[in-house]
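Taken in sequence, the protein lines are chains A and B.
For what it's worth, my numbering labels the leading residue of the first sequence as 1, then goes sequentially.
For what it's worth, my numbering labels the leading residue of the second sequence as 1001, then goes sequentially.
No lab work stands behind these hints: they were computed from the structure.
Since the model is a prediction, treat every value here as computed from it, not as a measurement.
Zero decoy hints are in this set.
Footprint (simulated), chain A over chain B, 3 or more residues, beta carbon under 8 Å: (1) 1197-1208; (2) 1219-1230; (3) 1297-1303.
Beta carbons: idealized from backbone N, C-alpha and C, even for Gly.
Number of protein chains: 2
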Amino acid sequence: MKGELAQYFQEHRSRHLAELVEFLRIPSVSTLSAHRPDMLAAAHWVAEQLSRFGMEAVRLLETAGHPAVYGEWLHAPGRPTILIYGHYDVQPPDPLEKWVSPPFEPDFRENRIYARGVSDDKGPLFQALKAVEALMVLHGELPLNVKFLFEGEEEVGSPNLPPLVAAHRDLLAADLVVSADGAMWRASEPSITLSGRGMTALEVDLTTARIDLHSGRHGGAVPNALHAMAELIASLHDKDGRVAVAGFYSQVRELPVEERAAIAALPFNEDEYRQSLGLPALHGEPGYTTLERQWTRPTLDVVGMWGGFQGEGRKTVIPCEAHAKITCRLVADQNPDAVAALVAEHLERNVPDGARISVRRFPGGSLPYDMPADQPVVKIAAEVLSEVMGGQAVLVRMGGTLPAAEVFQTLLGAYTLFFSFSTADEQYHAPNEFFRLERFDAGLRAWAHLLLKLGESPMTNT
Amino acid sequence: MKGELAQYFQEHRSRHLAELVEFLRIPSVSTLSAHRPDMLAAAHWVAEQLSRFGMEAVRLLETAGHPAVYGEWLHAPGRPTILIYGHYDVQPPDPLEKWVSPPFEPDFRENRIYARGVSDDKGPLFQALKAVEALMVLHGELPLNVKFLFEGEEEVGSPNLPPLVAAHRDLLAADLVVSADGAMWRASEPSITLSGRGMTALEVDLTTARIDLHSGRHGGAVPNALHAMAELIASLHDKDGRVAVAGFYSQVRELPVEERAAIAALPFNEDEYRQSLGLPALHGEPGYTTLERQWTRPTLDVVGMWGGFQGEGRKTVIPCEAHAKITCRLVADQNPDAVAALVAEHLERNVPDGARISVRRFPGGSLPYDMPADQPVVKIAAEVLSEVMGGQAVLVRMGGTLPAAEVFQTLLGAYTLFFSFSTADEQYHAPNEFFRLERFDAGLRAWAHLLLKLGESPMTNT
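Given only the sequences and the hints, what does the whole structure look like? Please build it.
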């Protein structure tokens, strides 16, 4: 059976890669309204794939934003039902000038595929499709009941996923969610991710005068929006790197000693990590290791800040506007609404004299997510990863946010097994995003093996 | 004579305005290399005007940057020689979306002309041209010797003016410079400007990691270029609004008591000023009035600051780059090189952990400029302004920078009389720059009267 699968994936490799390239060429950028037609094209591309290998009830589920793609195969009575999750939308590609090859023209080099979204999440989503296709082609049936839900708004924080899942609770009901999203920790060993951070995001618009003012005529006597914004942003952290927003840490569940010990036991070299990023120094909340900071502590990061003249040369103005976009990563038991309110309050309280601000929240905050390490699927997944990739899978946590996991837990009562074969260093959300071909190949087999093993497991509503 | 001039300007008014519109349509933006052809077109337009009304030796004087336009009429032996100065380059027009009418399509409304550069300095330059033209047409000669020097780099800090003037010292020699640049203080009364602030400008590039990093995977453990830039920029001022750069004020000549008293005696309402700018509060160095801050104290203003994602929506990155453009206005006896070095030193010393910076100076720093109030031309100009505009001209200072005045003083040994009919509230360097038609008309007559009066004056090398 496993030899047969390995042979199948080898024989169909060039077709699979050609199909993936086709998928990657669609610039399905969910954050930009100009890409709405591309979003629809990508959704239809996925739906068409599902239909092609015998999935049933395939359709787009409409939302207030971009649609999700649904499909199912439910002909394994008495066997578990899984919901396969992933997303077909991608991050914006800018800054374009930093890409070696254009973001939507996939390029094969160094045994990798380079393209926007190849690692997050089109490559991994595609692996799930092709694993199910392989089982259908080889056996004419699946070893368990499968549903698919591929959303188009992960990169904007999945604002419409909760109402969608709530509205289709029966349709989507499953014993377990298996997510094609949620990259592995790193390239050196397989890993299983037990938790993800939540998120909330805000935008601040700051204004001073009615118009930009001449820096000669007015300079020295009027507030400067950029000075005010710099002061405001600088006030968000203390000198040591702690978030200085009052109450920011008050809902954070402190890490038990044994969990800190488990993290400390993972082989991880902070200095190599620092060097790999080209950083003169790491920087973060005092009292925690780098992995603790990334996995178990909340953050506040300004992701964009701008105002005044950015062109060539100089312009002697005192800018009257400045803008900043802020995101926070949250850990249990922080709540996105509560944290956003605290940050907004801090900003309002710290507005420098002569400036006014308006703070807006982005839709789509997410709660943090946690799965206990003793869940049976964790053991099953670890066995599959060892079989296919060799070595021992390590249990890790994720600094990133997968809003879907928390939504499925709350609304479907199902845990999410993260089963993605992208790696967290693959420059997703940055120029030159890539996907390792080695993990592309391994993932196809691993998905097929996982489905076979889950089909044999007694798991129902773990 | 004066009646004759008034009638002449009235009769030729529509032609004059049509010609000015033609001049304003040329987008001669000196800061942007893409506009190089437009710069040349504007220079040729001015040269062609000079030739048309009988100026001689008209030509472009080449520089390392944009050329200057020269012309002369030297047939008044025994009479004084003046050098008429102005600039044909303009500021960039962005942000374009804030213009009511397009910046290079002049629009007449509210008894004003709206266009980029109409107030700074094409309108005022054009007035000098047309006044000389009027005298030539009416009398066939001028009452004194006149030279013209119109440069194309005022908006980039006149970096090539000093070598140009040094190289053409004899050609440009004059008893007095009369500048068509240097706006009047305000619309309520005529004014004569005795001093201008100097300037120096820098750009800071700050980097952290090699690439932008995913804010989930890395957030909390790595430096954020925007946080570092905000901290760095915030460090440039203390909480009260003083520049916090060590040594910044050490070369500032303190204002004598009588000058502070003269400034305090000027009718000026700080609250009206604040309201006219739509500001919730004024802001500046403690211990000085608004006019003192604008005219007699040095400043440091960030004119542009940016990094990270500025598009629609959000992008979950930790930016690895941030940029800022800084300009300082200087007063006697500050030196642009020395101040730039102090600011650069401050920046280097205050770089937050995990960041690196590189600081570049913009070429073209300017020394501050001062003319004693008892110079005879001040009295002559005041009489002309009273004749033409009514009321009493007040003596003021200028917060802005006219590098040319200091260059002429140093290299030609001549003071500069600022004789511009633009007003400092005309939104130059900002969207919707305009020029009052009333001052357009008054300025034509005033220039002609000034030339007649200077021709009769005993002034030689004042």
